[in-house]
Amino acid sequence: GESVGLHLPTLSVQEGDNSIINCAYSNSASDYFIWYKQESGKGPQFIIDIRSNMDKRQGQRVTVLLNKTVKHLSLQIAATQPGDSAVYFCAERRAGNQFYFGTGTSLTVIP
Amino acid sequence: NAGVTQTPKFQVLKTGQSMTLQCAQDMNHNSMYWYRQDPGMGLRLIYYSASEGTTDKGEVPNGYNVSRLNKREFSLRLESAAPSQTSVYFCASSETSQGNSPLHFGNGTRLTVT
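Residue numbers (this note's numbering), protein chains in the order written: chain A, 1 to 111; chain B, 1001 to 1114.
Think of the hints as simulated: they come from the structure by calculation, not from any bench. All values reported here derive from a predicted model rather than from experimental measurement. For each residue, glycine too, the CB sits at the ideal point set by N, CA and C. One thing to keep in mind: the hints can contain errors.
[Claimed, not checked] Going by beta-carbon spacing under 7 angstroms, a handful of chain A positions derived as facing chain B:
1. 29
2. 34
3. 43
4. 46
5. 49
6. 94
7. 96
8. 102
9. 103
Make the full structure from the sequences, and use the hints.
Here it is, written out as C-alpha cells:
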C-alpha cells in the first residue's frame, strides 16, 4: 500500500505486505531528514534518517528514499506487521537546529 | 537509561494560571527542544536550545518562555495560560549542537486549559 501524505493521511495494508509512506517537503535548502513513528499516547520514536548527499538508506525492514529534484521523501516498510500500526511523521531540518514536521500518515495493518 | 523524562504527564489549568513543564535528559545531549502537537497540525517548534546557555525561538513562541537550567534540563513556562495553549507538549534532545543528529522525544505532557 502507498500514501501520499497530506492528500491521503491514512493507509491500510494487509499484514505481510510492503508499505510506502510518502512525504513532500517544502524547503530546497533542507539537508537532513528523519522519519518518526508515533504510537498512541507516546512520543515520536526515531526510525531512520538520511542526509541530502544520499538518495537511499536502509535499516532493519525500513528503507528511506530521497528525491531532491521533486522534494520528496518516502519510507518503505517491508513485510508490515501489526506492531507497525502507528502514525508516521517525516521531519526536515531547514536551518540551524530547526526541524519541521509533516502532519503525519496513519498506518493501519490488517491481520 | 530513562532517555527524556517529562513532568507532569497531565495537567489542567484555568485561564490565566501559570505553570512550568519540566524536561530532563540523561543522554548527555547538547541540544534540547520544546514542541507542541495539536490534532491535524503535526509537531510545531516552540523554542529550542542548541547548547547550554543558549535559547532561540521556534515557529510558535508567543505565550511561552524557556530556561536551559543546565545541560540536562530544559523547562517551558506558561505565564498566563490560554485555552489556545491546550495541547500535548513534547520535549526532545539531540546529541549535537549543529542540528545534524536525530531528536529523541519524551512521552509528552497533556495540558488542558479551561
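Evaluation of the provided hints:
At a threshold of 7 angstroms, the smallest CB-CB gap from residue 29 of chain A to chain B is about 13 angstroms, leaving the interface hint violated. The criterion of a C-beta within 7 angstroms of any C-beta in chain B is met by residue 34 of chain A, whose closest approach is roughly 5 angstroms, and the hint holds. With 7 angstroms as the threshold, the beta carbon of residue 43 of chain A comes within range of chain B, its nearest partner Cβ sitting at about 3 angstroms, so the hint holds. Taken as an interface hint, residue 46 of chain A checks out: its beta carbon lies about 5 angstroms from the nearest beta carbon of chain B, inside 7 angstroms.
For the restraint placing residue 49 of chain A at the interface with chain B, the shortest Cβ-Cβ distance is roughly 5 angstroms, inside the 7 angstroms limit, so the hint holds. For the restraint placing residue 94 of chain A at the interface with chain B, the shortest Cβ-Cβ distance is roughly 9 angstroms, beyond the 7 angstroms limit, so the hint is violated. With 7 angstroms as the threshold, the beta carbon of residue 96 of chain A comes within range of chain B, its nearest partner Cβ sitting at about 6 angstroms, so the hint holds. Annotation: residue 102 of chain A was flagged as interfacial toward chain B, and the flag holds, the nearest CB pair being 6 angstroms apart, inside 7 angstroms.
The closest approach between the C-beta of residue 103 of chain A and any C-beta of chain B is roughly 4 angstroms, which is under the 7 angstroms cut-off, so the hint is satisfied.
The structure fails to meet hints 1 and 6 from the earlier list, while all remaining hints are met.
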